[in-house]
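Asker: Given next are the chains, with one letter for each unit.
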Amino acid sequence: METIIIILAGVLVSVATYLVLSKNLIRVILGTSIFSHAAHLLIMTMGGLKEGSSPLLGEEAATYTDALPQALILTAIVISFGVTSFFLVIAYRAYQETNTDNLDILRGIKDE
Amino acid sequence: MFTVNLAIMIPFIAALIIPLVHKKVSRSYIGWVVFIVPAALFVYLASFIPSMAEGNTIVHTWNWIPSIGINFTSYLDGLSMIFGLLITGVGALVVIYSIYYLDHDEMLYHFYVYLLIFMGGMLGVVFSDNIMVLYLFWEMTSISSFLLIAFWYHRKQSRYGAQKSFLITVGGGFAMLAGFIMLYVMTGTFSIREIIASVDDISAHALFIPAMALVLLGAFTKSAQFPFHIWLPDAMEAPTPVSAYLHSATMVKAGIYLVARFTPVFGGGEIWFWIITGVGFITMIWASFNAIRQTDLKALLAYSTVSQLGLIMSLFGMGSAALYFGYSAESVVYTQATFAALFHLVNHSTFKGALFMVIGIVDHEVGTRDIRRLGGLISFMPISFTITLIGSFSMAGVPLFNGFLSKEMFLTAVLNISKLNIFSLENIGAMLPVIAWVASVFTFVYSMIIVFKTFFGKYKEEKLEHQADEPKMGMLIPPIILAVLVVVIFFFPNILGNYVLSPAMSSIYPGFGPNVDLGVEIEQWHGFNTELWMTIGIIITGIVLYLLLKYWKGIFRLFPRRFSFNRLYDNALLFIENRTTNITNMYMTGYLRDYLTYIFLFFIGAAGITLIYTGAFTFDVSNDVPVSMFELIMVVIMLGAGISILFVKSRLAAVLLYGVLGFAIAVFFVIFRAPDLALTQLVVETITTVLFLACFYFLPEWKKEEHDGRTKMTNIIISVGTGLVFILIALGVQHGQLFESISRYFEDAYELAGGMNIVNAILGDFRAFDTMLEVFVLVIAGMGVFSLIKLKSRKGGRKIEDQ
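Residue numbers (numbering that gives the first Met the number 0), protein chains in the order written: chain A, 0 to 111; chain B, 0 to 802.
Honestly, the hints are just simulated from the structure, not real lab data. The hints are all genuine.
Computed Cβ-Cβ distance ranges for the label pairs, DEER-style:
1) B:Leu790 / A:Ala61: 51 to 59 Å
2) A:Arg106 / B:Tyr612: 31 to 39 Å
3) B:Lys155 / A:Arg106: 28 to 36 Å
4) B:Ala205 / A:Arg106: 50 to 58 Å
5) B:Val778 / A:Arg106: 25 to 33 Å
6) A:Thr99 / B:His103: 52 to 60 Å
7) A:Gly57 / B:Thr713: 48 to 56 Å
Every residue, glycine too, gets a C-beta built ideally from N, C-alpha and C.
Using the sequences and the hints, build the whole thing.
Answerer: Here it is, written out as structure tokens:
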């Protein structure tokens, strides 16, 4: 299971890398979001999968699954949400101001 | 307890206090407040003179970084005493002078803060026994000098001069640091006294010569020795009090101090002797020759300062010959050179300080210091004229002024050295008196230029900005004090010699034992000896050359400006700037793709190579938990969705596929026993997808990526490489459990934090600060979103940027 999830995360990383290398602003933003998905899966896997019960003490289980990665991922999900929405607004604003979403054109003054 | 360490710190403390109180103190008084610092320190240091004269030294240590031998150790001995008195004494006079020189609407407190930082730094240089601390203070003087030269930073020339002096002196300082580290490698100590004590063990060391060369590089750049002298004339853009203080009396003598201080370490050999004497002589003659062609009085004084520094430097070089012989009755003949150096050092500070101040007065009163526009000021400014006369004639080596005494001693030293038959002096030794004599003639000529071109001749009122007049008395007092000293020292030189100069001799020749008197009885009259005849020759030739100046001035045109060191410096700087700009532009392309490519390539390279070299990669599926059919299907769905994103034509499809990814991960969170994550992920994923869709309303449909085949191929290789390295690292880490997991601790969440949900307890209690800051991040992102949507660019805002 772990190996499979890691490979899945690796494929997502490849996809995300390809997307952020493109010229289109929206593709870049999509890429960064997929990066965070891959990172979440990685952190999750590092903590060990499916061992023990959910980290709820009410379950009164003998062992609980590792709670620390879960706390980290929870933080990461929320932050990546904030970042993504900020990126989207930048894209929106940049398009309004410059009428393009092509990064090659957005580069700015040619003759610096 | 009040120690020298504290004395060094006082200017810094004052520099810290000034910005706090400057608004409460009237602008006319701020200078007087500052004046207290050097004046008090001067008195404090002067109180040690009797004790120093008996040969005592005072050491005091404040521990700073004892583990690596760097401590703030102050060492008060004869040599540092001379410099300490100069720094505080001239400093006090310069502060008084500044009070009247600077207008009240200048940034006075900036000026005084810089000046105090310099004062502290300079005291630190001369009183530090630890070479690392010395280096620290050394650079501090360079920085404050930079700030002071650029005090009128709206002038282009000021900025140019400041940058030049900074680059040259700090560059030299860096070399010096390397030299110091070599000294440490050889001796294992940073203390100058301990280095001197172990000098016998290191003189054969392979690093001995490189260390010497590097330390000398620091000294020569700081003391403006040929060919590094070019920064000093440009430093004259500084306000005149600064020129008088830093660039003639104190900072430029730091290099000389360094040479004097390290004479016991490096001195006695042929290389040290010839480098210092040679550079000193070249500097002396080249600068005195060039001083004559200057038309700006301050530039003239700058070249004359360079020349005088060369003279002092060469005297220290010649004095080091005494170490070759060791202590004997005859060696006094050579130590005399060192004594002359110290004597001239003090004399130079008095007469050159007075001259700078008077030139500043002329500049201040009539608005120019160009000798082509000046003339006939004697009837308007008689006091200034008298001071100039005293200063210039002392510099020229005319009797009745202290410069005559030290100049005579200089000639004596040169004559003695030229008769030596060590260090291959038998071949070229005879040249030295000739060079010294010619340089002295030039010195005489430019000294006359200062006096006669400024104060005699026709008064050209139409060329002046203001009517000439004596300045306020307060401005005249500091140069008058210095001018009086010039005369007093001539008549009573031995008070200075016995109490201040002689104690310094044993610092430079510690190997001769503590009780040896190396002092010299200074006499005004020795009878008609060679030196006196030389002086008479200098005066006669000098007068003739001065009178015939316009006939031989054409000689300066023989030196084309294209080959000057200034041009070399400018071109080198331009070359470096252009090259660095090119290199920067080569990789800072402004394209996001390029930057990301660097990052990913670095990741692949660094991580991949580490993985291969360390053999960290392991692969082991035996500990994996088994996979159920359902999970396998989910994995396949995610793989399919992820890869399809790359190929779909419409952005809508891409976002929906992205949503599939997100929701599938939520399902995985359920499978992996993470209910909180699953809930959060579901909410966030829904909002994100909606946000994307909402954003699309405003953005154009995406076009097909038009990459050429090569770019596309590179992108594919980079992406696959990144994914692959990611997988390899993750697999490697998965099987390398380095230490026990700390998660057990959190399972006591109920006892520790009163929470049944461990994840929540971690977020809300164990790592609550983290969560709070996370909220801040969200708030900032929210404010960013809000302002980007709401705020339009101001009308015309774009226009301003375009201009």
